[in-house]
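> Chain by chain, the residues:
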Amino acid sequence: MDNKSQDQSPDENAPSEGIPAPEGPANLIDTDYVIGQDNITTKTMGVNLDLHGKVFTISSIVVLLFVILTLALQDTIAPIYDTLFSFLTGNLAWFFILAANIFVILCIGLVFSPLGKIRLGGADAKPDFTYMGWFSMLFAAGMGIGLMFYGVNEPLTHFGTSFDGGSWAPLAGAEGDQAGAAALGMAATIFHWGLHPWAIYSVVALSLALFAFNKGLPLSMRSVFYPILGERVWGWPGHVIDILAVFATLFGLTTSLGLGATQAAAGLSYLFGAPESDVTMILLIIGITIIAIGSILAGVDKGVQLLSKINIAMAAALLFFVIAVGPTLLIATGFFENLINYAIHLPALSNPFGREDANFSQGWTAFYWAWWISWSPYVGMFIARVSRGRTVREFIISVMLVPSTVSVLWMTTFGGTAIDQYVSQGIEAVREAGIDLQLFIMLEQLPLSQITSFVAIVLVIVFFVTSSDSGSLVIDSITAGGKVDAPKPQRVFWAIIEGALAIALLLGGGLTALQTMAVSTGFPFTIILLVASYAIIKGLMTEPKAV
Amino acid sequence: MFNNIMVPVDLAHLETLEPALSVVADMARQYDATITYVSVTANTPTSVARTPQEYEQKLDAFAQERHKVHGQPVSIKVYSSTDPIANVDDLLVKAIDETGADLVMMATHLPSHLDIVMPSHGGKVATHTDASVFLLRQSK
Chain F
1 MDNKSQDQSP DENAPSEGIP APEGPANLID TDYVIGQDNI TTKTMGVNLD
51 LHGKVFTISS IVVLLFVILT LALQDTIAPI YDTLFSFLTG NLAWFFILAA
101 NIFVILCIGL VFSPLGKIRL GGADAKPDFT YMGWFSMLFA AGMGIGLMFY
151 GVNEPLTHFG TSFDGGSWAP LAGAEGDQAG AAALGMAATI FHWGLHPWAI
201 YSVVALSLAL FAFNKGLPLS MRSVFYPILG ERVWGWPGHV IDILAVFATL
251 FGLTTSLGLG ATQAAAGLSY LFGAPESDVT MILLIIGITI IAIGSILAGV
301 DKGVQLLSKI NIAMAAALLF FVIAVGPTLL IATGFFENLI NYAIHLPALS
351 NPFGREDANF SQGWTAFYWA WWISWSPYVG MFIARVSRGR TVREFIISVM
401 LVPSTVSVLW MTTFGGTAID QYVSQGIEAV REAGIDLQLF IMLEQLPLSQ
451 ITSFVAIVLV IVFFVTSSDS GSLVIDSITA GGKVDAPKPQ RVFWAIIEGA
501 LAIALLLGGG LTALQTMAVS TGFPFTIILL VASYAIIKGL MTEPKAV
Chain X
1 MFNNIMVPVD LAHLETLEPA LSVVADMARQ YDATITYVSV TANTPTSVAR
51 TPQEYEQKLD AFAQERHKVH GQPVSIKVYS STDPIANVDD LLVKAIDETG
101 ADLVMMATHL PSHLDIVMPS HGGKVATHTD ASVFLLRQSK
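Quick note, the sequences are listed as chains F and X, same order. Note that the working numbering gives residue 273 to position 273 of the first sequence, counting from 1, and the numbers run on in steps of one. Note that the working numbering gives residue 113 to position 113 of the second sequence, counting from 1, and the numbers run on in steps of one.
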């Protein structure tokens, strides 16, 4: 940014206390709260610390307590988590499905409304990142790892249940109809990886970005509640919201890191015969953590952005390779067919009430929605941080529509190829393999499988690094009261904690139990997101009209 | 010898800068140099300012305050960044070019074991610029 604003004329939209608006007109919220006023700054063993006393202390203690309890009382506690989660998805599936629909409608509405013209960071703000860098980061943080694992598995699974006519089939299934089952399977998969998850991320990210960049509040979940709670967000209600965000982020990351290491180890053992032991997995987690620490020390621009770009380039190479050597024509036509099938089935799939496919709508859809929502504080906050300078319309198109399109292409390519291998070539191996190996077995049917499988493993690992580093940045800024310029050792601390918790849970067991717990945080967060939706509209309405 | 002295300033931690400021003033008077106060701040709201523009206003006020003390001409430059802690060294090197500074005076901490993984900003800037760099250490 250049030193220009001295000669800028005073802004008529600036609030009364004389704080200049960000670049160009924006409507800051009047508050006496000073960011970091509740922080504790201290120096321990030569390391400077700057932390929000209550949020940091309570979330650390609660996290430790949960992990210790889970490790010590696994057998007793796992059923409790399971019961809690079955209750949530079973009885509240309609709530998750309805809420997710609201988020999609809100986002699409914003694209077409005049509010879409408002720019994050003020009317004259300039984006910090190029489209490529920005897009790579939001994709790597938001979904990369899931696409690697479910790209083959989910389309095949839904195809299978639809074709066999089991009780897990989406909608009414398509018993005995291969083409119909494939179409339904792809539509159901795309439903879970398309507009809805990205709308969930968009709502969180947009609300955070709006209240930080245009309203001048700290980059923290609590700020979004300002329109409802007013100054009370700086007290306990706000602490609780932020603690929940830390909780969801840390458990989401830790359990994914642990489960991811299990899966990466399975891939390594399949490819190179590496022992699928605890040692391999611990080494993987340590390696991932070390690279993540390097990345967070290098910062968002030179660390996270660079890794994300490398990752997306590799993922694109793998994608186009499969398109080229796989059933190219089928993928090309399938892409458009799947889009149409998605559109056709969308109303029925997203219907929250009176569903007859309870297993699917509760066990799959509600689970996914809770999962995406529990990840949303972390992904959303990271997306918010790198999105200054974008207009609301540009933001939603890039955070919702573009990634959804990429998801469709990815699922069509990996899932479509696997279904084709099964249907046209009668290859059963992919369907029969364990979920962590399906991608590799699918690749094995194609040329150069040694190379592509290796690329796939590297991709999985680097996607974990990009989750771990951006996650540590997010947790650090929430526990530092919304500061993004807290001392560096704090980021390193969180990255190490994530790795250490993942190892503890991996050795002690209880990863799946804790993941269930993490996903359960999706419920309170759905309410937070509904509030965020309201706050977005209210916040945007009070912005000066962009020209 | 020196015409333009650049002084990196963090308004959030002025107390650590305080002892260095009088040395800067003495140097500037000695060479009759301009002083450019440079800051790198977050583009999200911070403890000092809720917008980068407010930060700029405050840095300007700070510079004018200093001007009253030492009487040398002053100017300011603010860089806002997504990740100020990680980008500060690069932006300071860029600032040296853009302001045409021939001397950088920075307050810095005492060397410690942590420098291996996180080198001091002063040390890092010095290795990436042609300008003279004067590191002012805090006394024990």
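Source of the hints: derived by calculation from the structure; they are not laboratory data. Ideal placement from N, C-alpha and C gives every residue a C-beta, glycine not left out. Incorrect hints may have been included.
Unchecked claim - Estimated spans, in silico, between C-beta atoms of each pair:
| id | chain 1 | residue 1 | chain 2 | residue 2 | range |
| --- | --- | --- | --- | --- | --- |
| 1 | X | Asp26 | F | Gln37 | 31 to 39 Å |
| 2 | F | Ala343 | X | Ala61 | 35 to 43 Å |
| 3 | X | Pro73 | F | Ile102 | 55 to 63 Å |
| 4 | X | Gln64 | F | Val458 | 49 to 57 Å |
| 5 | F | Val402 | X | Gly71 | 32 to 40 Å |
| 6 | F | Leu64 | X | Glu98 | 32 to 40 Å |
Said to hold, decoys possible - Some but not every residue of chain X turned toward chain F, in silico, with C-beta under 8 Å:
| id | residue |
| --- | --- |
| 7 | Glu18 |
| 8 | Asn43 |
| 9 | Thr46 |
| 10 | Thr51 |
| 11 | Ala61 |
> Return the status of the interface hint for Ala61 (chain X): holds when the least beta-carbon distance to chain F is below 8 Å, violated otherwise.
11 Å, violated
> Is the interface hint for Glu18 (chain X) satisfied, with its Cβ closer than 8 Å to some Cβ of chain F?
This hint is violated: Glu18 (chain X) lies away from chain F, its Cβ roughly 17 Å from the closest one there, beyond 8 Å.
> Can you verify the interface hint for Asn43 (chain X): is its Cβ closer than 8 Å to any Cβ in chain F?
Because about 5 Å separates Asn43 (chain X) from the closest Cβ in chain F, which is inside the 8 Å limit, the hint holds.
> State, for the Cβ atoms of Ala343 (chain F) and Ala61 (chain X), whether the hinted interval 35 to 43 Å holds or is violated.
The hinted range 35 to 43 Å is violated for Ala343 (chain F) and Ala61 (chain X), with Cβ atoms some 57 Å apart.
> Honestly, do Pro73 (chain X) and Ile102 (chain F) meet the 55 to 63 Å range at C-beta?
Because 58 Å falls inside the window, the suggested range holds.
> Please check whether Val402 (chain F) and Gly71 (chain X) have a Cβ separation lying inside 32 to 40 Å.
56 Å, violated
> Is the interface hint satisfied for Thr46 (chain X)? The criterion is a beta-carbon contact with chain F at less than 8 Å.
6 Å, holds
> State, for the Cβ atoms of Asp26 (chain X) and Gln37 (chain F), whether the hinted interval 31 to 39 Å holds or is violated.
Once the Cβ atoms are compared, 35 Å apart, the range 31 to 39 Å for Gln37 (chain F) and Asp26 (chain X) holds.
> Hey, does the Thr51 (chain X) contact hint survive, CB to chain F under 8 Å?
4 Å, holds
> Is it true that the C-beta distance of Gln64 (chain X) to Val458 (chain F) lies inside 49 to 57 Å, as the hint says?
Given about 55 Å between the Cβ atoms, the range holds.
> Leu64 (chain F) and Glu98 (chain X), beta-carbon distance inside 32 to 40 Å?
47 Å, violated
The structure does not agree with the numbered hints 2, 5, 6, 7 and 11 stated previously, though it agrees with the rest.
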